[in-house]
Structures are given as structure tokens and as C-alpha cells.
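Enquirer: Let chain A serve as the given structure and place chain B on it in line with the hints.
Residue numbers (the numbering used here), protein chains in the order written: chain A, 1 to 113; chain B, 1001 to 1113.
Because the hints were derived from the structure by calculation, they are not lab data. Quick reminder that beta carbons are idealized off the backbone N, C-alpha and C, glycines included.
Chain B side only, calculated, beta carbon under 8 Å to chain A, not exhaustive: (1) L1045; (2) F1091; (3) Q1102; (4) Y1103; (5) P1106.
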Amino acid sequence: AQSVTQPDIHITVSEGASLELRCNYSYGATPYLFWYVQSPGQGLQLLLKYFSGDTLVQGIKGFEAEFKRSQSSFNLRKPSVHWSDAAEYFCAVGPRGTYKYIFGTGTRLKVLA
Amino acid sequence: DAGVIQSPRHEVTEMGQEVTLRCKPISGHNSLFWYRQTMMRGLELLIYFNNNVPIDDSGMPEDRFSAKMPNASFSTLKIQPSEPRDSAVYFCAGSGLSGDTQYFGPGTRLTVL
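This is chain A alone, in the form it adopts within the complex (with noise of 0.2 Å):
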């Protein structure tokens, strides 16, 4: 069955400390790939996305993502945290060629001043 795991629900960073989120999918074929961030109170919105080639991708306000296939991880990154990112995280993944997304559970980050 298609899945997404986002093992950590709850994960607390000091400010300016790295941070690295989890996500494990499972699914026959290298699915596309997103992080969606949702602030409170707010919609989702698209961090950054793997389609294919370069496993390294960059994403808006400082974020990375890295796709490993054999472990069928796509993991978010942030070298340095600012307060301002602390909301929740979703992982999603979407079969190519159709419309339905599945979300992980999320993460909600905290970030300690």
C-alpha cells in the first residue's frame, strides 16, 4: 500500500541550529515528491518538490530536501533555523501521472530563542 511516514511529530531546534525532518514513503515507482510547510492558521505552502535528476533540491527560504531512493527517504533540511520557521511540516508524495497526493501526518516544529 502507498504510505507516507513522517516519524518525528514533534521536533524542537534551537535558533541557528540545523535541522533535518524526516520522511519515508513507500511506493512501487519513484513518486513526485513534496514539502509543504503550513504556519498557523494558514494554507499549505510548497516548500520544494523532486520530479527526477539533480537528488539535491533547493527550496524557498533556505530549505533543501535530498532524495534517496534506496531508502526511499526524501528528508528536509535546514542548515541554519530561524524563528520564523517554526509551523508544521507535511511530506507529500504524488503518483506521477495523477492528481492524488498522500500527506504525511506532519511535524510540527518548535524553535527555542
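Expert: Coordinates of chain B only, in the frame set by chain A:
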């Protein structure tokens, strides 16, 4: 571009009342999605339109839910009669011709008392 527009942003109603949520997608986007987000179930796809035609409504929970897209720039999601368990955040999202990336609106937070 103003992005996906949803109205109202917040709706509080009493059980049994009719609720209508509205969405204006990004101009040129020919696919439209309605999602529901709850703590218990995360993000669920309710219905998918392509070129104003409902393609997949398998996620619509009950006959109390209905959605329409009378033209390319407007869609509604109606709940009649509403129940407390319908309380959630409802998102509208759209994607362009390639259908690969979905862009979300800010959502409507619905509370049914």
C-alpha cells in the same frame, strides 16, 4: 496573482444548518481539489475536478456533502445538514495543465456547534 482564494476564512454554525464554502482557483489552473484537515485524520482529499468536471468524489464522506464547479473560476463545497463532526479546516487547491503541483488556499475553519 492573488493565489487561491477561499471564503469565508472562518465559519461557525449550528448543527443542522447548511454551510457553503467557496473557492476561486488561480487563473489558468484547470484542476481543483477540496481537502479536509482534522487532527484525527490529517489531510483527506474530498473531491477532484478537472476542467470543471468532477473526476473523483470518492472522498466525499456522505451525501450531506456536495461540490460544484460551475466555471473555471469558482467552486463550492456544501454541507447540508451540518453536524459537529464536520468541524475541520477545509482547503481548496489547484494545479495547472501538468497536474503535478498543487497550490493551496488559506482554508476555511468550520466549527459546527
